[in-house]
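Peer 1: Chain A is fixed; fit chain B onto it per the hints.
Chain by chain, the residues run as shown.
2 protein chains.
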Amino acid sequence: MSIRIGIFGYGNLGRGVEAAIKQNPDMSLVAVFTRRDPSALKINTPAVPVVHADNVEDYKDNIDVMVLCGGSATDLPVQTPALTRIFNCVDSFDNHSRIPQHFAAVDAIAQESGKVCLISCGWDPGMFSLNRLYASAVLPEGKDYTFWGKGVSQGHSDAIRRIEGVVDARQYTVPVEDAVNAVRNGEYPEFTARDKHTRECYVVVEEGADKARIENEIKTMPAYFADYNTTVHFISLEELKRDHSGIPHGGVVIRTGKTGGGNEHVIEYSLKLDSNPEFTSSVLVAFARAVYRLSEQGVCGCKTVFDIPPAYLSMYSPEELRKNML
Amino acid sequence: MSIRIGIFGYGNLGRGVEAAIKQNPDMSLVAVFTRRDPSALKINTPAVPVVHADNVEDYKDNIDVMVLCGGSATDLPVQTPALTRIFNCVDSFDNHSRIPQHFAAVDAIAQESGKVCLISCGWDPGMFSLNRLYASAVLPEGKDYTFWGKGVSQGHSDAIRRIEGVVDARQYTVPVEDAVNAVRNGEYPEFTARDKHTRECYVVVEEGADKARIENEIKTMPAYFADYNTTVHFISLEELKRDHSGIPHGGVVIRTGKTGGGNEHVIEYSLKLDSNPEFTSSVLVAFARAVYRLSEQGVCGCKTVFDIPPAYLSMYSPEELRKNML
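The listed protein sequences correspond, in order, to chains A and B. Okay, so the first sequence: first residue is 1 according to the working numbering, each after it adds one. Okay, so the second sequence: first residue is 1 according to the working numbering, each after it adds one.
It should be emphasised that the hints constitute simulated quantities derived from the structure, not laboratory data. The structure presented is a predicted model; accordingly, all values stated were derived computationally and were not measured. Heads up, some of the hints might be wrong.
Unchecked claim - Each pair of labels, with its calculated beta carbon distance range:
id	chain 1	residue 1	chain 2	residue 2	range
1	A	G246	B	R161	52 to 60 Å
2	A	R194	B	T220	55 to 63 Å
3	B	H233	A	G11	30 to 38 Å
4	A	A108	B	M315	44 to 52 Å
Backbone N, C-alpha and C fix where the C-beta goes; we use that ideal spot for every residue, glycine too.
So that you can see chain A by itself, here it is in the shape it has in the complex (with noise of 0.2 Å):
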C-alpha cells in the first residue's frame, strides 16, 4: 500500500527524486518517463521501467503522483497543464514572476479532471517561501530579506559558456556577508542588487584565447553581471573538475521586526545545501505525500506550499508528530 511515484524527466533533478523516494519507505517508484530512446535510459533502480514519454498515458491507473523533473524555461509550461489532466503531480517551476499565469493555467485543469497538482515546489520557490510567508504572519510589522548562496548558478555558468573562448565556467553567487549582518542587527538597510550578492566565475578557456576580452564580456554582461561586483578566476579544466564539480547551494531568509510592545525580533531560515538538486528532490517527495494524500480525501486543484497542511509531508502519524515533534 505505498504511494506510487512517477518520473518524469530523468536530469539531476529526476536522479535526486529516485535517490529519495528510497528514503521513504512508503513509497515506490513506479516508471521513469523520458522523451529520449528509453533502451538508451540506465536508471538507478534496475526493476524500474524506463516509458517513452508518449506512452505516459497508459500508467494513468498505476500512478499515484508524478513528481515532474523538467525545467522551467520550456517543459513545465507545457508539461504540467498535459500531465494534470492524467495524473496528480508536482512540479518545481521556479519562474517567479510567472507563478500566477502557471498557476491560472494548471489550476483550470486540475479542476476539469479532479487532480491535485502543487506547483513550484522546492526551496525557492518552497521552503524559502514557507518562511517568508510564516515570518511575515507572525510580525506583520518588519521587513523580510532573502540571500543566495554561497552556490552554483547554472544560468550564470550557462551565461559564461556562450562566450566565445570560452570552454567551461562555474559561477558562484555570494552574499554579502555585511549585508546579512546589518539585517541581522535590525538596521532594515535597503540594497540594491550590488550590495546583497557577489559573483565568483571560475572559467576555463581555449588555449591563445583574450582573457582580458572574456573578463571585459563577464563583468559588462548585462542582467547576469553588470549590476554586480564579479570577480573572474581564469583555471584549468583540471582544476575546474577537481575543485568545482558539485552543486552546492543554499541561503537565508531572515525577517526583522516589531512587536506591539516596540520589542524587536529576528527570525532567520538558513540552508547549506552539498547538492542543489538532490535537496529540491527531496522537498518535491515530501511534498508528492501530501499531494497524495489531498487527493485520497477528494480534494482537486492546483496547490502551492502554502496551502498544504504540514502534517500532510510526514511519513508519521498525527499521534507521533503531537507525541515526538511538537
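Peer 2: Relative to the frame of chain A, chain B by itself:
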C-alpha cells in the same frame, strides 16, 4: 467584518496579545476576561471592557476566537476544555510530555461543541515544532537538535527565588557554542543535558545572607541545575533591575541529514527575541486567524500547528501570497 478576539487572562501574554491585535488590521479586541476584580484591572485599550471570567458565556455570540493566556501548569488543563465548550480557542500549552492528554481532552469537547481549538501554539511548542516537522519530512535520514537561549527561564528563576535568603533572581539558559557548531558541522553528536546548555544565574540576596550556602543550593538543585554547568553571580537589586529586566529568549532548531545520493545538508531555524511573551503572543494571534477561517469552513476539533495550511495564518489573500511571497 474583522475577526473578533477575546483575551482570557491578562498577564504578560495577555498584554502581548492585546498589542499584537493592533498590528493586525483584520482583527479587533472584544473583551478581556480576568479572574481578578475587573474594576481593578487597567488594560491598554481603554474602550474595551474588562469582564469577570464568571461571565464569559455572555460573550458567546460576540467572540470569534478566544486566546487563552493562562499558565500551562494549572490554568490551561482546566480552562482550555471549559472554554472550548463555548468558543473557538487558541492556547499555548507548553508541557510537552502532557500534550497527547491535553489534545485528547480538548478534542472530545471540541467535537461535541463544534468548535475549533488549537493547542500548544507559540514558538516551542509552535514555530520550533513546525521546523522540526518540515526538516524531518524533507531529510528523513538525519537528526535534529533544539537549543534554547540565550534567554530567561521563568521556571528556573522562580526555583532560585524559593531559596531562603534570596530576594530576587534571573536565570539565563545559554546554548553551548561548541555543541551548536558540532551540530552545524554535521558531526551528529550525542549530547547530555550538560553538553548542550549552561545556566547563568543573577541573584540578589538579603543583607548578611550566606552566599556560599545559596550558591551551593542552586548548583545542586535536582532537575533544575544539578545536571548543568551553572554559574552564580550575586548582584544588587539595582543591577538586577537595570540589566536584567527584559524577558529575552530564542534558540535554534538544526537538522542535518543526507539525501539519497549521499550529500549532506543543514537546515537551521533560529529566533532572537527581545520579548518572549510578546513574540509568543504574536504567534497566537496569527494562529487565531487560522482558527477563525477553519471554523468558518465548518471544521471542528482540536488542532495543532501541524494541521494548519500556512496560508491561513496570513492577512493576505492566496493570490497576493503567490504573487509576492512564493
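Peer 1: Now, for every hint given, state plainly whether the structure supports it.
Peer 2: Results for each hint:
1. Here the CB-CB span from G246(A) to R161(B) is close to 54 Å, well matched to the stated 52 to 60 Å.
2. In this structure the hint that R194(A) and T220(B) lie 55 to 63 Å apart at CB holds, the actual value being about 57 Å.
3. Taking the beta carbon of each, H233(B) and G11(A) are about 59 Å apart, not inside 30 to 38 Å as hinted.
4. For A108(A) and M315(B), the hinted distance range of 44 to 52 Å is not satisfied, since their beta carbons lie about 27 Å from each other.
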